[in-house]
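Novice: All chains, full assembly: derive it from the sequences and hints.
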Amino acid sequence: MTCTEYQTLSDGTQVAVIAVHGVNKNPYFAAMLIGIFCERHTGDTVAQVINRIKPEFLYK
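Terminal number for the sequence shown in the numbering used here: 781, no gaps in between.
Please note: incorrect hints may appear among the correct ones.
[To be verified] Have a look at the derived ranges for each label pair, beta carbon to beta carbon:
1. Gly733 <-> Ile757: 16 to 24 Å
2. Lys781 <-> Thr725: 27 to 35 Å
3. Ile774 <-> Asp732: 14 to 22 Å
4. Leu730 <-> Ile774: 12 to 20 Å
[Stated by the list, open to error] Simulated pairs of lysine to any residue, SDA-like, Cα-Cα distance not exceeding 20 Å:
5. Lys775 <-> Ser731
6. Lys775 <-> Cys724
7. Lys746 <-> Lys775
8. Lys746 <-> Gly764
9. Lys775 <-> Leu730
10. Lys781 <-> Met753
11. Lys775 <-> Val736
12. Lys781 <-> Leu754
13. Lys746 <-> Thr725
Source of the hints: derived by calculation from the structure; they are not laboratory data.
Keep in mind that this is a model prediction, so the values were computed, not measured.
Quick reminder that beta carbons are idealized off the backbone N, C-alpha and C, glycines included.
Specialist: Set out below in structure tokens:
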């Protein structure tokens, strides 16, 4: 899923999308953080953005 597509989703759906990628720490904070990254990198995929964020922000 591209960042452009991700940004059109509701908050709950964004949380579900990142959960599929294994994000399990502070899901709403993580969804917001990924959304901020996606604003700058609209052509990237959500997976690419997740891989750029330090793991301690996303995983227990």
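Novice: Next step is simple, just say for each hint if it's right about the structure.
Specialist: Tested hints:
no.: 1; hint: Gly733 <-> Ile757: 16 to 24 Å; in the structure: holds (18 Å)
no.: 2; hint: Lys781 <-> Thr725: 27 to 35 Å; in the structure: holds (29 Å)
no.: 3; hint: Ile774 <-> Asp732: 14 to 22 Å; in the structure: holds (18 Å)
no.: 4; hint: Leu730 <-> Ile774: 12 to 20 Å; in the structure: holds (18 Å)
no.: 5; hint: Lys775 <-> Ser731; in the structure: violated (24 Å)
no.: 6; hint: Lys775 <-> Cys724; in the structure: holds (18 Å)
no.: 7; hint: Lys746 <-> Lys775; in the structure: holds (12 Å)
no.: 8; hint: Lys746 <-> Gly764; in the structure: violated (25 Å)
no.: 9; hint: Lys775 <-> Leu730; in the structure: violated (24 Å)
no.: 10; hint: Lys781 <-> Met753; in the structure: holds (17 Å)
no.: 11; hint: Lys775 <-> Val736; in the structure: holds (18 Å)
no.: 12; hint: Lys781 <-> Leu754; in the structure: holds (16 Å)
no.: 13; hint: Lys746 <-> Thr725; in the structure: violated (23 Å)
The earlier numbered hints that this structure contradicts are 5, 8, 9 and 13.
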